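> Let chain A serve as the given structure and place chain B on it in line with the hints.
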Amino acid sequence: MERNLTHIALFAALIAVLGLVPQISLASGVPITAQSLGIMLCGTVLGARRGALAVLLFLALVAAGLPLLSGGRGGLGVFAGPSVGYLIGFPVAAFVIGWLMERTTLPVGTAATAASVIGGIGVLYVFGISGLAVMLDKTVTEAAYLGMAYLPGDILKAVLAGLVTQSLARMRPASLLSRG
Amino acid sequence: MLTLTSPVEIWAHRWPAGRKLALLALATTGLFLLSSPLLLCLAFLATLGLILTGGAAFLETSLRLLRPLWPFLLIVALWHLWTGDLAGGTVVMLRMVTAVALANFVTMTTRLSDMILVFQWLARPLQVFGLSSRRLALAFALVIRFIPVMLDRVGKISESWRARSPGNARWRVLVPATLAALDDADRVAEALRARGGAD
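Keeping their order, the protein sequence lines are chains A and B. 143 is the number that numbering that gives the first Met the number 0 gives to position 144 of the first sequence; each next residue is one higher, with no gaps. 133 is the number that numbering that gives the first Met the number 0 gives to position 134 of the second sequence; each next residue is one higher, with no gaps.
For reference, chain A alone in the conformation it holds in the complex (with noise of 0.2 Å):
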């Protein structure tokens, strides 16, 4: 039980951390935040319902007036805007990601990687459009034209998600929850 508690907890100031530091510049000179990575780990490592759990536990420290979104974002304010959508879809990636990963048998570096692309990427973005075309009173497609501007920094996250968890995986091979 407790050690249920420690991961949600560390795993969500483990997204705080990627989200403000900024030495993480993925790629040189595009300012990449790691932020939506740390998403991703929650559920490739911690697995479904404590990946979940970790990223609303994040969220509301967030709520309550936390600057700890990238670029020092925080307080009720980032729900009212229109990024909105993306903030909802956080905790349902990484519940996806989390059941993906515990469900297929795929080597575990690809399964992290694709059920990054498929969370992280595909459920998230349906959220996150959705969010714009109402938050903005746009429709969808419209918005999607928005959204797609995060497109290549995204995959990028996937498959860093995935070679990370892959090693994960191989110098601490009990500590993939999701794979228990």
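All clues stand as given, with none of them false.
Partner residues are not named here, just some residues of chain B that face chain A (Cβ under 7 Å, in silico): (1) Phe-71; (2) Ala-98; (3) Val-187.
Only pairs whose alpha carbons sit at most 20 Å apart, straight line, appear in this in silico SDA-like list of lysine to any residue: (4) B:Lys-155 / B:Gly-166; (5) A:Lys-137 / B:Phe-31; (6) A:Lys-137 / B:Ser-34; (7) A:Lys-137 / B:Leu-32.
Since the hints were derived computationally from the structure, they do not count as laboratory data. The structure displayed is predicted, hence computed values, not measured ones. Idealized CB from N, CA, C, for every residue including glycine.
For chain B alone, coordinates are given in the frame of chain A:
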């Protein structure tokens, strides 16, 4: 760690957090039901008046918190200039700025601890699923404590990378940072168990 609570104490700081959140929920719902530019303009002016009661420094922080909205405002403005639907554009922009500014106002006038207490109260129905408010409080405290610890650790990992290589560590900090988080989680769990468990 810094929170978004304003250091400038204004009257709204003394209001109970629950009341502010309830009013914010009502006001935001209202904003999304309104579709007349005139009424939304009034709502915007009312919000501006509300923020101005906090004085100049408070207004400055409010404006700084609205900065991430600029790209969206620009896109909406250009879009509606192009399609010629100016009234529609005004509605979207006014609603967006007012809703975010109001929500920021509540965040700026409520202490983190008060907000977390409200969340714990809201999460009480979840006790049937085994999420006791004690466990929730512990989880919040752990995250808040471990963010600076992990930031420091990521800093050290990239420093030691730079000591060994001419470039920056960039994405290579990810594996050691995640590994450290997993190991920390195990150790903290043991420490908690040794001190009588999470409940």
